[in-house]
Amino acid sequence: AAGVIQSPRHLIKEKRETATLKCYPIPRHDTVYWYQQGPGQDPQFLISFYEKMQSDKGSIPDRFSAQQFSDYHSELNMSSLELGDSALYFCASKHRGGGTEAFFGQGTRLTVV
Amino acid sequence: AQSVSQHNHHVILSEAASLELGCNYSYGGTVNLFWYVQYPGQHLQLLLKYFSGDPLVKGIKGFEAEFIKSKFSFNLRKPSVQWSDTAEYFCAVGGGSQGNLIFGKGTKLSVKP
Chain G
2 AAGVIQSPRH
12 LIKEKRETAT
22 LKCYPIPRHD
32 TVYWYQQGPG
42 QDPQFLISFY
52 EKMQSDKGSI
62 PDRFSAQQFS
72 DYHSELNMSS
82 LELGDSALYF
92 CASKHRGGGT
102 EAFFGQGTRL
112 TVV
Chain W
6 AQSVSQHNHH
16 VILSEAASLE
26 LGCNYSYGGT
36 VNLFWYVQYP
46 GQHLQLLLKY
56 FSGDPLVKGI
66 KGFEAEFIKS
76 KFSFNLRKPS
86 VQWSDTAEYF
96 CAVGGGSQGN
106 LIFGKGTKLS
116 VKP
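So the sequence lines, in the order shown, correspond to chains G and W.
Positions in the first sequence are counted from 1; adding 1 to them yields the numbering used here.
Positions in the second sequence are counted from 1; adding 5 to them yields the numbering used here.
Each hint can be trusted.
A short list of chain W residues far from chain G (calculated; beta carbon distances all over 12 Å):
hint, residue
1, S23
2, K66
3, W88
Each pair of labels, with its calculated beta carbon distance range:
hint, chain 1, residue 1, chain 2, residue 2, range
4, W, E20, G, G4, 28 to 34 Å
5, W, G67, G, P28, 29 to 35 Å
6, G, A3, W, K74, 32 to 38 Å
7, G, G59, W, G46, 20 to 26 Å
8, W, Q50, G, K23, 18 to 24 Å
Listed below are the simulated SDA-like cross-link pairs for lysine to any residue, each with C-alpha atoms no more than 20 Å apart in a straight line:
hint, chain 1, residue 1, chain 2, residue 2
9, W, K113, G, G39
10, G, K14, G, G39
11, W, K54, G, H96
12, G, K14, G, S80
13, G, K16, G, V113
14, W, K113, G, D43
Please keep in mind that the hints were generated in silico from the structure rather than gathered at the bench.
Computed from a predicted structure; not experimentally measured.
Every residue gets a Cβ at the ideal spot worked out from N, C-alpha and C, and that includes glycine.
The task is simple: from the sequences and hints, build the whole structure.
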């Protein structure tokens with residue numbers, strides 16, 4: 002079965018650079034979530050989209066932005082990267098509606114040096 | 006405020022020992038509860054979930070959890086752990102139309118062979 006695809010799997014950037022992370026949800030899933038998991042930390046919700054519109058916002062820094070496109074894939078854009086942005090970034094997708102859970106991608110490990 | 010509390014940061018067990026990981030939540034409204042497992046360097050995998058109905062839910066790999074509404078708890082159990090269960094376990098709560106998850110801090114389980 003198709004899963005949530007994230008790219009790239011690993012990314013190394015320097016401070017003050019920009020990064021773009023991509024997420025391709027499971028087909029027919031209309032909702033995408035982004036989470037950030039720092040080293041030894043629990044995943045923190047960043048932002049979510051439903052039907053290409055932002056549906057909820059968590060602890061996403063102003064330097065980050067995200068969007069969901071017409072094909073439902075989503076991109077997380079990160080600018081002015083800081084060392085503290087080094088983390089595992091997970092995307093999850095689900096079909097909105099009661100009784101369904103979100104499925105997580107493999108994550109993108111971002112290292113800022 | 007919505008929150009999830011996992012009581013144990015690190016649990017060390019010998020193979021065949023029984024496991025119980027505590028999870029308490031604070032959430033207003035209809036609540037959906039989840040346990041995820043994260044093997045080292047891997048993404049989050051769903052172990053089990055509770056939406057409604059029988060408060061004792063069975064998941065994959067012999068895990069089960071019991072939802073006790075009066076105690077706001079959703080503890081994870083396994084009668085006999087294996088070395089391959091060594092991983093980090095996250096309790097999460099989600100609900101409403103948004104569905105984004107709030108994770109606990111995680112419990113690291115180490116099983117000695």
